[in-house]
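If you're matching them up, the sequences are chains A and B in order.
When the letters of the first sequence are read in order and numbered with this note's numbering, they come out as residues 1 to 341.
When the letters of the second sequence are read in order and numbered with this note's numbering, they come out as residues 342 to 682.
It should be emphasised that the hints constitute simulated quantities derived from the structure, not laboratory data.
Just so you know, not all the hints are guaranteed correct.
[Unchecked claim] Sample of chain A residues at the chain B side, in silico, Cβ under 10 Å:
#1 Asp23
#2 Pro92
#3 Ala239
Glycine included, each C-beta is placed from N, C-alpha and C at the ideal position.
Protein chains: 2
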Amino acid sequence: MSQGGPGHSARGEGGTPVAHGGDLDQARALFPGALEPWIDLSTGINPVPYPCPPLDSSLFQRLPSAADHAALRETAARAYGAPTAAGIVPAPGTQILIETLPRLMAPCDVAVVGPTYAEHAAAWGRAGHTVRPVSDIAGVGDARVAVVVNPNNPDGRVRPAQALLALAETLQARGGFLVVDEAFADFEPVESVCPQVGPGLVVLRSFGKTFGLAGLRLGFAVADSERAAALAAALGPWAVSGPALAIGRAALADRPWLAANAAARAGDAARLDRMIARAGGTLIGGTRLFRTAAFPDGPALFRRLGEAGIYVRRFAERPSQLRFGLPADKGEWCRLSRMLR
Amino acid sequence: MSQGGPGHSARGEGGTPVAHGGDLDQARALFPGALEPWIDLSTGINPVPYPCPPLDSSLFQRLPSAADHAALRETAARAYGAPTAAGIVPAPGTQILIETLPRLMAPCDVAVVGPTYAEHAAAWGRAGHTVRPVSDIAGVGDARVAVVVNPNNPDGRVRPAQALLALAETLQARGGFLVVDEAFADFEPVESVCPQVGPGLVVLRSFGKTFGLAGLRLGFAVADSERAAALAAALGPWAVSGPALAIGRAALADRPWLAANAAARAGDAARLDRMIARAGGTLIGGTRLFRTAAFPDGPALFRRLGEAGIYVRRFAERPSQLRFGLPADKGEWCRLSRMLR
C-alpha cells in the first residue's frame with residue numbers, strides 16, 4: 001500500500017503520484033553520480049531563512065495554550081490584513097488545509113484554474129469531488145467551488161482582486177466558494193483578497209516558503225468565522241507545534257525583515273532571469289522565490305544540471321519548461337552560473 | 342464563533358466545550374491571587390523530558406523528505422512492535438488522528454468505553470456519528486465502532502489484549518473496527534495490541550506524554566496498511582515537522598532512556614500515592630504519569646491547591662475525584678507535599 005510520506009505518497013485522482021520538488025533523495029536516485037553537495041533549486045522556499053529567535057525548552061515540552069494560539073491568530077490577522085482573528089486558522093502547513101477543505105463539503109463540481117500547484121486538484125479528487133482543470137476564470141462555468149493560485153505557481157500569473165471577488169460572489173450565490181491560494185503573495189506586489197474574506201472566499205497563506213522555514217510546518221487559512229471554526233475543528237486544538245506558534249508570531253510581526261528580504265529576493269530573481277536568458281531560456285514568469293522558463297531542449301538541460309548536482313523542477317506535461325528556485329549563497333550562484341551559459 | 346485554539350474551542354456533541362488540563366491561563370483565571378510560579382499537575386505529560394539532541398537548522402528550513410518519514414515509520418514500528426512500517430501513520434499529535442478517524446467513516450453507532458478521555462466521544466459526535474458511552478466492553482453491543490483507552494485515563498484501568506482482540510474481530514465482522522488508544526502504554530506493563538493490528542483494529546500511540554515533549558506535536562496511528570494509507574492521505578504528506586521527525590526517531594530508538602525513565606516514574610507515582618493517602622484520598626488508579634483519587638471534599642481540595650498555585654485536573658461529572666500529574670523537581674514535590682497533609 002502507498003503511504004503518507006512525501007514523494008512516494010501524495011496521490012492524485014486515479015492514484016497517480018503528484019510530483020513535488022524539495023526531495024533530494026529523488027534527485028540522488030535520478031543522478032547517482034552527481035556532484036555533491038546538491039544545490040536544491042526544486043522548490044520555492046526562501047533560501048535566506050528568518051533568523052529564529054532562541055527557543056525556550058518549554059515550547060517543546062508543554063502543550064500550546066489557548067493564549068499562544070490566540071496571539072498567533074492576532075498577529076497573522078494583522079500581517080494578512082484579515083478582518084478578524086476569529087477567521088484565522090493556523091495549521092501545520094497549508095498542505096493539510098488543502099487536504100481538509102474538500103472533506104468538509106459534499107461532493108460537487110470543482111474548477112481548478114491552471115496549470116497550477118497539482119495538490120489542489122488531487123485533494124479535491126481524493127475527497128470524491130468532480131474536478132475540472134480550466135485555463136482561466138472564465139472557464140469556471142457552473143462549478144460550485146473554484147481554486148485560483150495567486151500569484152500562480154509555476155508561471156507567476158497574477159489575477160486582479162476585483163475579478164477574484166466577483167467570482168467568489170458568484171460561487172457563494174450558488175452555495176459554493178472560491179479558494180485563493182496566496183502561497184507566494186508575501187513578497188509580491190499582488191493585491192491580497194484577505195481583507196475581503198467572507199462566506200464565499202477562503203484564502204490560504206503559506207508561512208514556510210516566505211520565511212524559509214518549510215520544516216517548521218506552519219500555514220494559515222483565512223476565512224469567515226464559521227468556515228474557520230469548521231476547519232479548526234477538523235484539525236483539533238493542538239495541531240500546530242509550540243516552536244511554530246512562537247516563531248510564527250515573531251516572524252509575522254517583523255515587517256522590516258519582510259521588506260528587506262522582499263527587496264533582496266527581487267534582486268536575486270532579476271539575476272536568475274539574466275542567467276536563464278543567457279542559457280537560451282524564455283522566461284514564462286514566476287515570483288521572487290522562483291522563475292519558470294522554456295528552453296529549446298528542457299529535458300537535456302534538466303539532465304545537465306542534475307549531473308552537475310543542481311536539482312530544478314521539471315513538469316511531465318510541459319517538458320520544455322523548468323522552474324528554478326533561488327540559490328542560497330555565493331557558492332551556489334557560481335555553480336549555477338557555470339551551468340547556465 | 343468558536344475557534345480552533347485549545348481550551349476555548351474543542352467542542353463535543355451539542356457544542357459543549359471539552360475540558361482539558363495543561364492550560365495555566367485557565368488556572369490563572371480561576372485563581373487570580375495564586376502563588377506563582379504555578380505547578381502544573383493537570384496533565385499526564387512526563388515532567389522529565391527526553392533530552393533533545395541538538396537540532397540542525399536544516400530541520401527547520403527544508404521540507405521533510407520521504408526518507409525522513411520512512412525512517413521514523415521504521416523506528417516507530419520497532420518501538421511499538423507493529424508488524425510493518427507501512428501501517429504506521431505519523432501525525433502532529435494523536436489529537437488530529439482522533440479528529441480524522443471519524444471523518445473517514447460513514448455515520449454509524451459508536452460505543453466509547455468510559456468514563457475516559459473526552460475527546461474520543463466528542464470527535465465521533467462532531468463527525469455525525471451516534472455515540473453511546475458504555476462502562477465496559479460487554480456494553481458495546483451492536484455498535485460498529487468501539488473506543489477503548491488502555492490503560493484508561495483517568496482511572497488507569499487495564500484491559501487484557503485478548504479481550505480487545507476478540508472485540509476487534511467482532512467489530513470487523515460487521516464492517517467496523519476497534520480504536521485502542523494506548524496513549525499511556527509506554528511506561529506500563531500492559532500488553533499492547535500493536536503487534537496484532539489488522540483491518541478491525543486501529544491503535545493510537547502518543548509521543549509527547551511519554552517523552553515530555555507535548556509541544557513538539559507527534560503521535561502515531563498503527564493500523565493495517567489500507568487504513569494507514571487513508572489516514573495518511575487525509576493528513577497530507579508534510580503534516581509532521583522536521584524537528585518532530587528527527588527527535589521522534591532518536592527518542593523512540595532509545596530503549597535505555599525509556600527503561601530508566603519508566604523505573605523513575607514508578608517511584609514518583611508511588612511517592613504521590615503516599616501523599617494522596619496522607620491527605621485522606623482514596624486511590625482510584627492511574628499510570629506512572631498520573632494518579633486519580635477520590636477525596637472527602639474534592640472541590641475544596643481543588644480550591645486549596647489552586648490558591649497555592651498547584652493546578653490539578655478535576656472532573657465536572659465526578660467532583661470528588663482529582664487527577665494529579667507528577668511534580669517536576671524537588672521544589673515542586675515540596676510545595677505539593679506541604680499541601681497534601
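Comparing the hints with the structure gives:
With a cut of 10 Å, the hint placing A:Asp23 at the interface with chain B holds, because the nearest CB-to-CB distance is about 5 Å. A least Cβ separation of about 5 Å between A:Pro92 and chain B falls short of the 10 Å threshold, and the interface hint therefore holds. The criterion of a C-beta within 10 Å of any C-beta in chain B is met by A:Ala239, whose closest approach is roughly 5 Å, and the hint holds.
This entry satisfies every hint, going by the numbered hints stated previously.
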